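Asks: Next come the chains, spelled out residue by residue.
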Amino acid sequence: MRVYLDNNATTIVDPHVYEAMEPFFCQKYGNPSSLHQFASDTHKPLKEAMQKIYAGIGASNEDSVVITSCATESNNWVLKSIYFEYILTGRKNHIIISEVEHPSIIATAKFLESKGCKVTYLPINSEGIVEAHTVRDFITDKTALVSIMWANNETGAIFPIHEIGEICASKGVLFHTDAVQAIGKVPVNVKEANIDYLTMSAHKFHGPKGVGALYMKKGCELTPLFHGGSHMGGYRSGTLNVPGIIGMGKAMEAAIDALDFEMSEVKDLRDRLEDAILEIEDTFVVTPRTKRTPNTILVSFRGIEGEAMLWDLNRAGIAASTGSACASEDLESNPVMEAIGAEADLAHTAIRFSLSRYTTSEEIDYTIDIVKEAVKRLRSISSSYAYAPQGHNNEL
Amino acid sequence: MGIDSLIGGTIWDEYSQKVCELMNNPKNMGEITEEEAASMKAKLIVADFGAESCGDAVRLYWAVDPKNDIILDAKFKSFGCGTAIASSDTMAELCKGKSVDEALKITNIDVEKAMRDTPDIPAVPPQKMHCSVMAYDVIKKAASQYKGVDMASFEHEIIVCECARVSLSTLREVIRINDLTTVEQITDYTKAGAFCKSCVRPGGHEAKDIYLVDLLTEYEKEKMTHVADEANAGNVDFSKMTIVQRLKAVEKVIDENIRQMLIMDGGNVEILDIKENGANFDIYIRYLGACSGCASSSTGTLFAMESILKDKLDENIRVIPL
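Residue numbers (this note's numbering), protein chains in the order written: chain E, 1 to 396; chain H, 1001 to 1322.
Please note that the accuracy of each hint is not assured.
[Claimed, not checked] BS3-like cross-link-like pairs, simulated, lysine-lysine; straight-line CA separation at most 30 angstroms:
hint, chain 1, residue 1, chain 2, residue 2
1, H, Lys1027, E, Lys372
2, H, Lys1027, E, Lys376
3, H, Lys1275, H, Lys1312
4, H, Lys1223, H, Lys1105
5, H, Lys1027, H, Lys1113
6, E, Lys110, E, Lys80
7, H, Lys1018, E, Lys372
8, H, Lys1098, H, Lys1221
9, H, Lys1098, H, Lys1043
10, H, Lys1208, E, Lys110
11, H, Lys1223, H, Lys1275
12, E, Lys217, E, Lys291
13, E, Lys115, H, Lys1221
14, H, Lys1018, E, Lys376
15, H, Lys1105, E, Lys376
16, H, Lys1140, H, Lys1191
17, H, Lys1041, H, Lys1018
18, H, Lys1191, H, Lys1240
19, H, Lys1140, H, Lys1098
20, E, Lys191, E, Lys52
21, E, Lys118, E, Lys80
[Stated by the list, open to error] So the derived list for chain H, only partly shown, Cβ under 8 angstroms to chain E, looks like this:
hint, residue
22, Met1023
23, Lys1027
24, Met1029
25, Glu1031
26, Thr1033
27, Ala1042
28, Val1046
29, Gly1055
30, Val1058
31, Lys1077
32, Ile1085
33, Tyr1284
34, Tyr1287
35, Asp1311
For the record, the hints were derived by calculation from the structure and aren't laboratory data. Every value quoted in this text rests on a predicted model; they were computed, and no experiment measured them. All C-beta atoms in this analysis are idealised placements derived from N, C-alpha and C, irrespective of residue type, glycine included.
This is chain E alone, in the form it adopts within the complex:
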């Protein structure tokens, strides 16, 4: 059996999405900017796809939702354009992000820091959540932008975006949110949350890879990073990714339709897996369930190094993830585990399971069995569950 529980990394493309994209490869392959029927064939479907994307986040027609290549591009765009317009010109000197943003925000902020921008990295509390008041505490009259993710990729923790949006609006500070992990999992509405910029990525909600978007509220348009033709209203040059946009539109529509399912059925499966894992002794889950996206669990298995756990799961056909240690090139421990102040011994033990609407009950049952077996085997190897003779000095 193969079970895919790494949906916060990427998702299966919805077969209906794939079907909708298919004609735009070999039949309707015209460049939308050209003057002939091949081009015209793409216009109506593109417009409809854009309308679905707008509707999905509650954008109004006067706002701009510019299609990009991915969320990383969208995040880079916001921060770097804010730098060009506000920091470099001396109007402002400061931005605020959280310490658990996606690397495309953190690394960009660090880059801007090296160029003279001041950056505040807001902490998370022991539940893995950025508290809204910290945003208010750190805003100065020189703050150009606050960028806080809607939901965290590691824990699924949902941040108080509505409160933060209100604080930013009342202080006159621009507000960006990376909503990559929220769309299709919780309701997202840019108007209700006072959002100026919002990042999204199609492949996180069963759309294709290589297409993302940046929402910009009317009046908050940004300097383009890609100069060239006048595509996307001049905000982002580059021939339109026609199949990608069609796919993203369809995926957005399907994700919104499935939102109730996600928050009930997917959540039930997730809870069942979580309950079973918590029955195993010495396991710890980060962030209370009610404050998390319905599909995510970040769990620590004491005494089991994360990559070893992934190895045993993978051998049984189960895909999960660890942000920690040896699974990545840089051998660092999971940044969220450190940020919530988890016990140091648990820093390398976190495993993330992330479900989707395609996850089945049988898959969860199978996963529960395999997790139990893996924990048993790996703890039998583990030095933290080892016999130490009397008088043996256990100090390391």
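Following the hints, complete the assembly by docking chain H onto the known chain E.
Replies: Chain H only, in chain E's frame:
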């Protein structure tokens, strides 16, 4: 860069078949109890190395025959990833039947080589070499417990890169002989820094006493001192020096006579430029830290600096703060 570095593969693809098999079914995993050791008439040694908070911890059990120091049995327990478990298993296997002194000669490189499928393809990717070092360290720990001596007494040299086992003296020599200036060059010459990279600079997987970047800085300073010494010793006239020699000579005088005092007061100074202005040498400096706002920086400190430079280098020096 290049094609292989553009799309990252999974590190698991680079594990040898042996590593995978040992991870799935470690042979020497487990414990030796007091009773088991007693039944072999052996002394039980239990040694720990590493810490879970760092991502790796290993416990090694030895049953050693006190008559001839032979390790009759070896077992391990490990908190770690697949390569850590496989390395520990291989290490325990290599210990068996050897005397404690022979076991001490086993290095992490022996452990890694024993896990290869073919002699010239590494068993683990570079960033996993670190796991085999743990296996090596725990042997030393066990031996030190058996012999009742300090672990450091087994190490005759200071090892900077533990993965490739490159010593401080080797590194210093290679850097000097080949006039190396970058970490990449050191890695090319010695393999130090090619694996887990902890020894390259602070902030890696493990904290070190000395890093490759420190050795480069050390050599750089040595060269500078050498140039300045040459200038002084050879009585080369300041006016006949090249611009680089002048800069270094000025740096040296400031380093030796002034900088320490400034730093103690929370400040510092940097040399920006040296220009010939008629018969004069104008040395442009910038104060840093506390010095930049200090009243004395344009009076007492400045005069002191100028008179020392005049005395040591050339009567026609003028110091101009910017």
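Asks: Confirm or reject each hint.
Replies: To see whether the hints hold, each was checked on the structure:
For the suggested pair Lys1027 (chain H) and Lys372 (chain E), the alpha carbons sit about 22 angstroms apart, so the restraint of at most 30 angstroms is met. Taking the CA atoms of Lys1027 (chain H) and Lys376 (chain E), the gap is about 17 angstroms. The hint holds against a cut of 30 angstroms. The suggested pairing of Lys1275 (chain H) with Lys1312 (chain H) holds, with an alpha-carbon distance near 18 angstroms, which does not exceed 30 angstroms. Note on Lys1223 (chain H) and Lys1105 (chain H): the hinted pairing is violated, with a Cα-Cα distance of about 37 angstroms set against a maximum of 30 angstroms.
Straight-line distance between C-alpha atoms of Lys1027 (chain H) and Lys1113 (chain H) comes to about 18 angstroms, which keeps the hinted pair within the 30 angstroms bound. Only pairs whose Cα atoms come within 30 angstroms are accepted, and Lys110 (chain E) paired with Lys80 (chain E) is accepted, the gap being roughly 11 angstroms. For the proposed pair Lys1018 (chain H) and Lys372 (chain E), the alpha carbon gap of about 26 angstroms is at most 30 angstroms, so the pair holds. With a C-alpha separation of about 46 angstroms, the suggested pairing of Lys1098 (chain H) with Lys1221 (chain H) is violated against the 30 angstroms cut-off.
Proposed proximity of Lys1098 (chain H) and Lys1043 (chain H) is supported: the alpha carbons are some 15 angstroms apart, at most 30 angstroms. A C-alpha spacing of about 25 angstroms is found between Lys1208 (chain H) and Lys110 (chain E), which places the hinted pair at or below 30 angstroms, so the restraint holds. Between Lys1223 (chain H) and Lys1275 (chain H), the direct Cα distance comes to roughly 24 angstroms. Compliance with the 30 angstroms bound is thereby established for this hinted pair. Distance restraint check for Lys217 (chain E) and Lys291 (chain E): the Cα-Cα separation of roughly 27 angstroms lies within the 30 angstroms cut-off, and the hinted pair is therefore satisfied.
Of the supplied pair hints, the one linking Lys115 (chain E) and Lys1221 (chain H) holds, its CA atoms being roughly 29 angstroms apart against a limit of 30 angstroms. Our distance criterion of 30 angstroms between C-alpha atoms is met by Lys1018 (chain H) and Lys376 (chain E), whose separation comes to about 23 angstroms. Annotation: proposed proximity of Lys1105 (chain H) to Lys376 (chain E) is violated, straight-line Cα distance about 35 angstroms (limit 30 angstroms). Using a Cα cut-off of 30 angstroms, the hinted pair Lys1140 (chain H) and Lys1191 (chain H) holds, with the two alpha carbons roughly 23 angstroms apart.
Distance check on the hinted pair: Lys1041 (chain H) and Lys1018 (chain H) sit about 33 angstroms apart at the alpha-carbon level, beyond 30 angstroms; violated. A hinted pair counts as satisfied when its Cα atoms are at most 30 angstroms apart, and Lys1191 (chain H) with Lys1240 (chain H) does not qualify at roughly 42 angstroms. Of the supplied pair hints, the one linking Lys1140 (chain H) and Lys1098 (chain H) holds, its CA atoms being roughly 14 angstroms apart against a limit of 30 angstroms. For the given pair, Lys191 (chain E) sits about 16 angstroms from Lys52 (chain E) by alpha-carbon distance, which is consistent with the 30 angstroms threshold.
Between Lys118 (chain E) and Lys80 (chain E) the alpha-carbon distance is near 13 angstroms, which keeps this suggested pair within the 30 angstroms criterion. Because the smallest distance between the Cβ of Met1023 (chain H) and any Cβ of chain E comes to about 6 angstroms, under 8 angstroms, the interface hint for this residue holds. Look at Lys1027 (chain H): its Cβ only gets to about 12 angstroms from chain E, farther than 8 angstroms, so that hint breaks. At a threshold of 8 angstroms, the smallest CB-CB gap from Met1029 (chain H) to chain E is about 5 angstroms, leaving the interface hint in force.
Taking 8 angstroms as the C-beta contact cut-off toward chain E, the hint placing Glu1031 (chain H) at the interface holds, the least distance being around 5 angstroms. For the restraint placing Thr1033 (chain H) at the interface with chain E, the shortest Cβ-Cβ distance is roughly 7 angstroms, inside the 8 angstroms limit, so the hint holds. Restraint check, Ala1042 (chain H) versus chain E: the minimum CB separation of about 13 angstroms is more than 8 angstroms; hint violated. The criterion of a C-beta within 8 angstroms of any C-beta in chain E is met by Val1046 (chain H), whose closest approach is roughly 5 angstroms, and the hint holds.
Given the 8 angstroms rule on beta carbons, the hint for Gly1055 (chain H) holds: about 4 angstroms separates it from the nearest Cβ of chain E. Taking 8 angstroms as the C-beta cut-off, the interface hint given for Val1058 (chain H) holds, the closest approach to chain E being about 6 angstroms. Hint status for Lys1077 (chain H): holds, given a least beta-carbon distance of 4 angstroms to chain E, under 8 angstroms. The interface hint given for Ile1085 (chain H) is met, as the beta carbon of that residue sits about 6 angstroms from the closest beta carbon of chain E, less than 8 angstroms.
The interface hint given for Tyr1284 (chain H) is violated, since its Cβ lies 24 angstroms from the closest Cβ of chain E, which is over the 8 angstroms cut-off. The interface hint given for Tyr1287 (chain H) is broken, as the beta carbon of that residue sits about 21 angstroms from the closest beta carbon of chain E, more than 8 angstroms. The beta carbon of Asp1311 (chain H) comes no nearer than 40 angstroms to any beta carbon in chain E, farther than 8 angstroms, and the hint placing it at the interface is violated.
Of the numbered hints listed earlier, those contradicted by the structure are 4, 8, 15, 17, 18, 23, 27, 33, 34, 35.
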